[in-house]
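Q: Spelled out from the first residue to the last, the chains are:
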Amino acid sequence: MSGADVTRVVEEAFREEWGRVVAMLIRLTGDWDLAEECAQDAFAQALARWPRDGVPRRPGAWLTTAARNRALDRFRRGTAEAARLRALASAPAGPGPEPRPESAEEDHVPDDRLRLMFTCCHPALPLEAQVALTLRTLAGLTTAEIAAAFMVPEATMAQRLVRAKRKIRNAGIPYRVPPAHLLAERTAGVLGVLYVLFTEGYSASGGPSPARPELTVEAIRLARVLAGLMPGEPEAQGLLALMLLQDSRRAARFDEAGDIVTLEFQDRAKWDHDEIEEGLRLLDDALARRRPGPYQVQAAIAACHATALDPDDTDWPQIAGLYGELARLAPSPVVELNRAVAVAMADGPLAGLRLVDELRAAGELAGHHLLAATRADLLRRLGRTADATQAYGEALALAPTDAERRYLARRLTETGGT
Amino acid sequence: MKYLLLICAEESVEVSPEQADPEAWVEETERRGVRLGGHRLCPAGDATTVRAGLVTQGPFAETKEQIAGFDIIECADLDEAIEIASKHPVASFGAIEVRPFWPE
Numbered sequence: 001m002s003g004a005d006v007t008r009v010v011e012e013a014f015r016e017e018w019g020r021v022v023a024m025l026i027r028l029t030g031d032w033d034l035a036e037e038c039a040q041d042a043f044a045q046a047l048a049r050w051p052r053d054g055v056p057r058r059p060g061a062w063l064t065t066a067a068r069n070r071a072l073d074r075f076r077r078g079t080a081e082a083a084r085l086r087a088l089a090s091a092p093a094g095p096g097p098e099p100r101p102e103s104a105e106e107d108h109v110p111d112d113r114l115r116l117m118f119t120c121c122h123p124a125l126p127l128e129a130q131v132a133l134t135l136r137t138l139a140g141l142t143t144a145e146i147a148a149a150f151m152v153p154e155a156t157m158a159q160r161l162v163r164a165k166r167k168i169r170n171a172g173i174p175y176r177v178p179p180a181h182l183l184a185e186r187t188a189g190v191l192g193v194l195y196v197l198f199t200e201g202y203s204a205s206g207g208p209s210p211a212r213p214e215l216t217v218e219a220i221r222l223a224r225v226l227a228g229l230m231p232g233e234p235e236a237q238g239l240l241a242l243m244l245l246q247d248s249r250r251a252a253r254f255d256e257a258g259d260i261v262t263l264e265f266q267d268r269a270k271w272d273h274d275e276i277e278e279g280l281r282l283l284d285d286a287l288a289r290r291r292p293g294p295y296q297v298q299a300a301i302a303a304c305h306a307t308a309l310d311p312d313d314t315d316w317p318q319i320a321g322l323y324g325e326l327a328r329l330a331p332s333p334v335v336e337l338n339r340a341v342a343v344a345m346a347d348g349p350l351a352g353l354r355l356v357d358e359l360r361a362a363g364e365l366a367g368h369h370l371l372a373a374t375r376a377d378l379l380r381r382l383g384r385t386a387d388a389t390q391a392y393g394e395a396l397a398l399a400p401t402d403a404e405r406r407y408l409a410r411r412l413t414e415t416g417g418t
Numbered sequence: 001m002k003y004l005l006l007i008c009a010e011e012s013v014e015v016s017p018e019q020a021d022p023e024a025w026v027e028e029t030e031r032r033g034v035r036l037g038g039h040r041l042c043p044a045g046d047a048t049t050v051r052a053g054l055v056t057q058g059p060f061a062e063t064k065e066q067i068a069g070f071d072i073i074e075c076a077d078l079d080e081a082i083e084i085a086s087k088h089p090v091a092s093f094g095a096i097e098v099r100p101f102w103p104e
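Residue numbers (full-length UniProt numbering), protein chains in the order written: chain A, 1 to 418; chain B, 1 to 104.
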């Protein structure tokens, strides 16, 4: 195997195994920083040794063992300096002991990652710190990458991570999955963190790039871990289904120039039909448990779009009804805005505009470009061109990404504005 | 009469360890038999607040509530401390800040 091939294998192992290795080390040492350092060290060893010795049969077990040996080594050095010196003095010269591959009994205890997820998502930590810690410890993203995702300077994000880890240590936040009666509220937190991660990747909250697929891939991977570990939790399956159904449209959402292609004009042949199949299957399983929740309902809405053969085939009355259900389960002005769009499609633009104007009067979405953009679109469809032009102008001034600004500018020109 | 002294300072104010060292004061007050106990606390950012069964991060210092009493508890971890705090009657109408002691 060439050096480049081995590098690719190590990168793949990093994505697959990083969270597992860090979680195991946190359980072993109770020290988050030491855990990360030893995990990094194990991957560095793999990069140095696998090209020479060959890729081990079970890379995960090899990495786990190497990281654990490194941690034990660090502990011995830290706690027994004198003993270390004596041992070193009497040891034969030559390389240190090889990690013993295939001997890591922790390798098949995936609960460690679940524990880590629940620790990162403890309600005593601020939501941003929950997401950042999850990205860092479970997904192995660098501080710079996480800072970019949150649009803050790297030093700020580093400080937040330090504070979060300090609170885990100082306040005694336990490394465990909470007892059954607390599971529901914390599961909601874990699901929330994963969905924030996904949506940040799906529509970046600012900057030149409209999407960050590496974040959606990571969110889907972690949601898959969670759904696999909590087979009795339909919302975990619902969230995974939702992510897969939304992600299936990834290749069709932007044109070659990087401009937004709305659902109506997307080339449905470009949708990922494997992801759609899997999402629909997961959603069916979840709904069969008859414990609906916001993620299952959102997945059901995504499923309506995913199964429509063309835009005219979309079941808008069904979608409007599902948004009503979502507004009941998880009320928010953004849900109401989406419901207004669905109602406009089902019952005509005037019915939708009434709902949008109610929202506008309530003032909760003031400053949100999507409210102005939706209103502009409904006014355009009603032929109220002058009002539409003004609303597109408002939306344009508020839009956070270049792609959205280009889309709105195009629409503004079409309605005769400048 | 017993009094609780709430030792307050802005966390952002930089002072030397000697300047803030309470050892001489503790020795003096214990020699006189006036100090019954006390402990340094972790920064406010390490606090957790329990309010009507909800757990939130951070202290509640910016609200209208006034400190009405204090208890010192010893628990295995934060989850146990939250469980104990949430059973305190005040947790149902007020708020209980769970602030860890400075580690020994």
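A few of these clues could be false.
[Unchecked claim] Cβ-Cβ distance ranges computed for the label pairs, FRET-style:
(1) G3(A) / I7(B): 37 to 45 Å
(2) R32(B) / V162(A): 34 to 42 Å
(3) E11(B) / Y175(A): 26 to 34 Å
[To be verified] What the simulated footprint calls covered on chain B by chain A, stretch by stretch (three residues with Cβ under 8 Å from a Cβ of chain A suffice, anywhere in the stretch; the number is not a length):
(4) 17-24
(5) 28-41
[What the hints assert, rightly or not] Examples of chain A residues lying across from chain B (beta carbon under 7 Å, computed):
(6) P123
(7) K165
(8) K167
(9) N170
(10) A171
(11) L280
(12) L329
(13) P331
Keep in mind the hints are simulated off the structure, nothing from the lab. Remember, predicted model here, so these are calculated numbers, not experimental data. Glycine included, every Cβ here is placed at the ideal spot set by N, Cα and C.
Q: For every hint, state whether the structure bears it out.
A: Consistency of the hints with the structure:
The given range of 37 to 45 Å is broken by G3(A) and I7(B), whose C-beta atoms sit roughly 60 Å from each other. One distance hint, 34 to 42 Å for the beta-carbon pair R32(B) and V162(A), holds here, with the actual separation near 41 Å. For the pair E11(B) and Y175(A), the supplied restraint of 26 to 34 Å holds, since their beta-carbon distance comes to about 27 Å. With a cut-off of 8 Å between beta carbons, the segment 17-24 of chain B has 0 residues touching chain A; three or more are needed, and the interface restraint is violated.
Check on the segment 28-41 of chain B: 0 of its residues sit with their Cβ under 8 Å from a Cβ of chain A, so the three-residue criterion for coverage is violated. Contact between P123(A) and chain B, as hinted, is supported at the beta carbon level, the nearest pair being about 4 Å apart and thus within 7 Å. Hint on K165(A) is violated. Least Cβ distance to chain B is approximately 11 Å, over the 7 Å limit. With its C-beta approaching chain B no nearer than about 5 Å, K167(A) sits inside the 7 Å limit, and its interface hint holds.
A cut of 7 Å between beta carbons decides the hint on N170(A): the least distance to chain B is about 4 Å, and the hint holds. For the restraint placing A171(A) at the interface with chain B, the shortest Cβ-Cβ distance is roughly 5 Å, inside the 7 Å limit, so the hint holds. The closest approach between the C-beta of L280(A) and any C-beta of chain B is roughly 36 Å, which is over the 7 Å cut-off, so the hint fails. Look at L329(A): its Cβ only gets to about 19 Å from chain B, farther than 7 Å, so that hint breaks.
Violation of the interface hint for P331(A) is found here, the shortest Cβ-Cβ separation to chain B being roughly 18 Å, above the 7 Å cut-off.
In this structure, the hints that do not hold are numbers 1, 4, 5, 7, 11, 12, 13, in rising order.
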